[in-house]
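Following the hints, put chain B in place on chain A, whose structure we already have.
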Amino acid sequence: MNFFRLIFVCTVLGFNISSSYAELNIEIIGGAESALPVAIVPFASQGVPVDIRNIINADLERSGYFKMMAEQGMPSRPSTPAEVDFNSWKGVGQNYLTIGRVNNNGGQYSVEFQLLDVYKGEQLLGYQINSSAADLRKTAHTISDMIFEKLTGKKGVFSGRIAYITSNSLGNKKWTYQLQVADADGVNPQTIATSNEPIMSPSWSPDGRQMAYVSFERKRAAIYVQTLATGARTRVAEFAGINGAPAWSPDSTRLALTLSKDGSPDIYVLNLATRALTKITNSLAIDTEPTWSPDGNNIVFTSGRGGKPQLYMASSQGGNEQRITFTGDYNARASFSPDGKYLAMVHGNGNNYRIGVMDMASRAINVLTSGPTDESPSFAPNGTMILYASRKGGAGFLSAVSLDGKMQQKLVFNSGEVREPAWSPVP
Amino acid sequence: MKLNKTLIALLISTSLLTACSDDKKPISAADTVKTGVGSVNGASTNGLNNAGVMNAQGLAGMNGMGEGSGEYNDPNSPQAKVIYFMIDSSDVQPDFVPVVNAHAQYLVANPSIHIILEGNSDERGSREYNVALGEQRARSVANMMKAQGVSDSQLQTVSYGEEKPAAMGSDESAWEQNRRVEIVYVR
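Chains A and B are the protein sequences, given in the same order. Using my numbering, the first residue of the first sequence is number 26, and each one after it goes up by one. Using my numbering, the first residue of the second sequence is number 58, and each one after it goes up by one.
So here's chain A without its partners, still in its complex pose (with noise of 0.2 Å):
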C-alpha cells in the first residue's frame, strides 16, 4: 500500500471573495499490483519558472499505473542520452528513464525530454516543446500524457481540466458558490461564475468549450450556458419551478434537462438552436439527472416512479422506458463511460451511498468505493478512473477511483465544500 501526500500551492486569480482554496493535498491510497518503476530525472535548466519533472512525476504517480522513484536514490542525474549508464539504473530496479531538458530563449522556452527504455537500452520517445512560461505546467501535463500512453497504451487525461463547486459559509446561513475550473491536477483554480445562491450540475460540451449548469442567482432555478474563453452565457432554460441536472447531448445540439413546469419533475431534451422541448418521461413520480449514452440513443434517468430512486433508460426520443437498476435502494445520477460500456452511479443502500459501476452488457453492478456520502461521479476522458465527490467532517472533497477500484486518489482542498466534479472530456 503505498501512501504519498504531494502539496500543491496554487494560485487563484481574480475575485476577492474570502476564497481559500490555495493548497491542495493529494493523497493516493492504493496502486497497482503491477505498477512500472519509472524514474524522472530532474531537468537541465536554469531559471525556469516550473518545476516539469516534479509536474510529470506527480501525474505518473497519481495515476497508480507507475511506481515513481525518489529523487534521493537516483544513481546520477543524466540531461542527455550520451550521459545515461543504463546499468547503474538496472541497479535501482528501473524499468523506464525519462531526462530532459529546459533552455530558456529569452522568456520562451523550449523543453526537450526522451524516455528510455532501461532494458533494451533505447528510446521510446524524444520530443522538443516550445512553451510560454505560463504554458510550462501545460507543457509538462502534455508530456506526462504521452509517457503515459506510451507505458500503457491509454490515452494519458493529465492534460485535461475539471470543473467543480465550491461553497464557503459566509455566516449567518448564507453561502458564497464558485463553479471552478481547474487543470486535472486540481492546480490553477479557476472562478467562472460566482454567486450568494447555489450553482449546481457543471456539464460541460463534448467540445469542452462551453460549460451548461444551474444557478439560482435570480433566486430562481434557471440553466445557463457559459462559453469559457469569453465568459458570455446565455440563459437556456428558466420555467417554473425546476430547472435542473442539463446534460448535453454528444452532437452537442441539444441539452437534456429536468423540468417541473408541468407538474411532477421531467425530463425534456431543450435544442439549442431552436429552443424547442421535447418532452422525453411523463411519470408522476421524480424524473431527474438525465445523461446521454455516448451514441446518443439513449438518456439514462433517476426516477422515483418505483418509490426508491432507480435508474430508467429511455429512448432520446422518448418512448421505450425501461427501469436497469434492481439493486440497492438508492441508484441515482448516473454517468457513462466514454466509450458507453460503463455507467457510474450514486449506489445507496440504508445510509451508506457509494460509487457504482455497471456493466451495461451483463447490467451487474460493481461497487467502487467505501462511501458513505459519495456522490456525482464523472468519467475520466480516457475511461480509466472516476472522479467523485464525497463529505466527512462537513468538508467536501474530490476522490478519484480507478475503473476497477484498486487505485484511489484523494484531492483535498484545504477549507469549504469542494463537489459535483465534471471531468472535461476532451483535453
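Hints listed in this document are in silico derivations from the structure and should not be mistaken for laboratory results. In this text the structure is predicted, and so the values were computed from the model without any measurement. Yeah, the Cβ is synthetic: ideal placement off N, Cα and C, and Gly gets one too. Be aware that one or more of the hints could be misleading.
[What the hints assert, rightly or not] Stretches of chain A that chain B covers, calculated by requiring three or more beta carbons in the stretch to come under 8 Å of a beta carbon on chain B:
1. 310–320
2. 350–359
[Said to hold, decoys possible] Pairs of lysine-lysine, BS3-like flavour, derived with a Cα cap of 27 Å:
3. 179(A) / 145(A)
4. 203(B) / 286(A)
5. 203(B) / 180(A)
6. 92(A) / 115(A)
Just chain B, lined up with the frame of chain A:
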C-alpha cells in the same frame, strides 16, 4: 516505433513528431499556448453578483414546533416559519398542519401579501434528486394553503435541495433540521 537504437537523435522535425505520436495532433507551441483557461476568469462577474439577501430571518430549531401556541398565528414569529418533514417524504406531518393553516388564514385575510415556499432536503443521496424532493415538499405546503383559499398569485415555490443546509453535520439531528420548507414573506 523503435526510432533510434543509439539514443542520440532528439526528434524535432514536425513530420516525425506527427508520425510518432499516436495522438494525431503535433505537439507544438501553438497547441500548448491556446488551450488554457486563461480568459475564463473575466467571465463570471456578469450578472452573477446580484444575488441578494434572502434568508435574513433566523430559523429556530424544532423545539416547540408542535405545540400549537399562539405564535403560529403570527407570521412574524421566526418559530412558526419552518415546516419539517420525514425522510424521503413530502407529506406535511400532523404536527405542522396548524402552522400551515395559520399562515394560510393570514394570507387569505391579507391577499396583497406574498410568500415564497423554499423546499430543502437533507444531504443524503444525489443533489438534483434532492432538488426534486425539496420541490415536492414546497408544493405540498402550497397545495394545502391553496385548499384553504390562498390565491395562486400569493404563492411562489423554489427548491434548493441540499444546497442551503440549516444545520451542518452528517447526523440524524442535522438531517432532521434540513428536511424542511421555509416560509419566507416577501416584503
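Verification of the supplied hints:
| no. | hint | verdict |
| --- | --- | --- |
| 1 | 310–320 | holds (count 3) |
| 2 | 350–359 | holds (count 3) |
| 3 | 179(A) / 145(A) | 22 Å, holds |
| 4 | 203(B) / 286(A) | 18 Å, holds |
| 5 | 203(B) / 180(A) | 58 Å, violated |
| 6 | 92(A) / 115(A) | 15 Å, holds |
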